[in-house]
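Novice: What follows is each chain in one-letter form.
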Amino acid sequence: MDAIRDTDLILYHYRDGLSADELAAIGHALSASAALRARYAALQATLLAADAVPVPAADTEFERRIWQRWEAQTEAGPSDRRHAIEPRTDRRPRHRAGTRALLRVVGGALALVAALGVGFLLGRQPAGPMLTAGTGTGSPPATTQRDIATRVLDAYVVAHLRETEGVVLTAVNSDNAALLAGNRELAAGLLESNRLYAQAATRAGNARLANFLQQLEPLLIELANPAPTDAIQGSDGLRDYVDKTDLLFQLRATQARIEPQRPTSI
Amino acid sequence: MTVDDERVARARNGDRDAFRRLVEGETRPLYAVAARITRDAALAEDAVQEALFNAWRHLRDFDGRANFKTWLHRITVNAALEQLRRRSGREQFLADAAQTDDGAEDFLAAHADDLPGPEQLAGGREIGLKVQAQLDRMTHLERSAFVLRHHEGQSLEEICGVLAINVSACKQAIFRAVRKLRGALEPLR
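Order-wise, the sequence lines are chains V and Z.
Residues in the first sequence are numbered from 879 upward in steps of one, following this note's numbering.
Residues in the second sequence are numbered from 87 upward in steps of one, following this note's numbering.
Since the hints were made in silico from the structure, they are not lab data.
Keep in mind that a hint or two might mislead.
In silico SDA-like cross-links for lysine to any residue, where the CA-CA straight-line distance does not exceed 20 Å [to be verified]:
id, chain 1, residue 1, chain 2, residue 2
1, Z, K155, Z, H144
2, V, K1122, Z, E168
3, V, K1122, Z, S174
4, Z, K155, V, E941
5, Z, K216, V, V933
6, Z, K155, V, V933
Excised from the complex, chain V in its bound form (with noise of 0.2 Å):
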């Protein structure tokens, strides 16, 4: 073997990509220089730094999120195995999905009106003593109340734009006609959990947050009535329309925002 490269050397480290000639000349030729040795262990010692960056990590709401979402896109049956599932299961997710999108908007508007209750109660207390913590009074200061109006809304905006994340991909990813069937109704659902929380939003002045689901209202709609074309045209136009706008980006980006204990880069 000729002159040994540093790529030889990388090769050779993994024992991949070389003869058994080429692997035994470099083992000789190692054997023999300390030149070589040299170069070899720069090597070793380059890829024991990749080794010791920590292996990242999912937090610990992870398993949870993932298995919701899971069995969600699931529910109803993966759409290679239609012939698998029993015809009850058909009705089930739609029945599912029914219940869920009217527990939801129960949910949204229960939250809205904690979120507005608290905010009336604050608009009606004299802000100077509220503002000060540990008053001795027994009822929570102002801002604590606030922030717990905002955290609740939080929750659910979040839990919605998860929601929403969902069924976007199942839209785009999914060819079963019963999962498409629950998807429309889930996005029915959050159709009108959306304004509810778009109205929310507008009243809590989180006027970034308030544009963002107006400007997810009519794919909300799109996906609740999609219109009656070829499925593949229609997902592909859904899957050109969620590139160009990078709206799975945007959907996560909002949740981080929203959720900022939740990292988004290792």
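We have chain V already, so just place chain Z on it with the hints.
Specialist: Quick look at chain Z alone, frame taken from chain V:
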């Protein structure tokens, strides 16, 4: 028949619980490989999500020749790459593959005697940050090829299949990645 084989069989027949039991111990390792490739927590999570969905949908395509977990890892790697392609555009990914051979020049010999030892590497926060910066500097292709070769132990041939590139491009991507990593140790001399 192993417990996993039995669960695979049940999951193929639509048993969601069996699928979940089969996979739930793997989600964090899957996240780790996706995060190493994407360098982004949200993209890594999306990749795992997409991988689980795809694995469930295409369970019938799993022919049992490979270990189920190996199959699942491959799906996750593909999902992570797909996330990167969606984020940066397919053109950029292909442009990475078309880069000229700038990894051919030798770089290991420079100041080889002054490199930090294993203990410094393991405990050195400064070195760790520099390595992370170099990982961020890598193109998607370089980082993917390096992660698959170095951390996932895949062969060049397997990596070529996953990344849809030829062996030469695959080698060059790994060389360039190692070269960039080597740059993280240079200032320490």
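Novice: Compare the distance between the alpha carbons of K155 of chain Z and V933 of chain V with 20 Å, and conclude whether the hinted pair is satisfied.
Specialist: holds (19 Å)
Novice: Are K216 of chain Z and V933 of chain V close enough, with their CA atoms no more than 20 Å apart?
Specialist: With Cα atoms ~16 Å apart, K216 of chain Z and V933 of chain V stay inside 20 Å; holds.
Novice: Just to be careful, I want the Cα atoms of K1122 of chain V and S174 of chain Z compared with a cutoff of 20 Å; is the pair within it?
Specialist: OK: K1122 of chain V and S174 of chain Z at ~12 Å, within 20 Å.
Novice: Run the distance test for K1122 of chain V versus E168 of chain Z: straight-line Cα separation, threshold 20 Å.
Specialist: Since the Cα atoms of K1122 of chain V and E168 of chain Z sit roughly 16 Å apart, the hinted pair holds (cutoff 20 Å).
Novice: Measure nothing beyond the straight line between the CA atoms of K155 of chain Z and E941 of chain V; if it is 20 Å or shorter, mark the hint as holding.
Specialist: holds (17 Å)
Novice: Under the criterion that the straight-line Cα-Cα distance not exceed 20 Å, is the pair K155 of chain Z, H144 of chain Z satisfied?
Specialist: Holds - the C-alpha atoms of H144 of chain Z and K155 of chain Z are around 14 Å apart, at most 20 Å.
No hint from the list above goes unmet by this structure.
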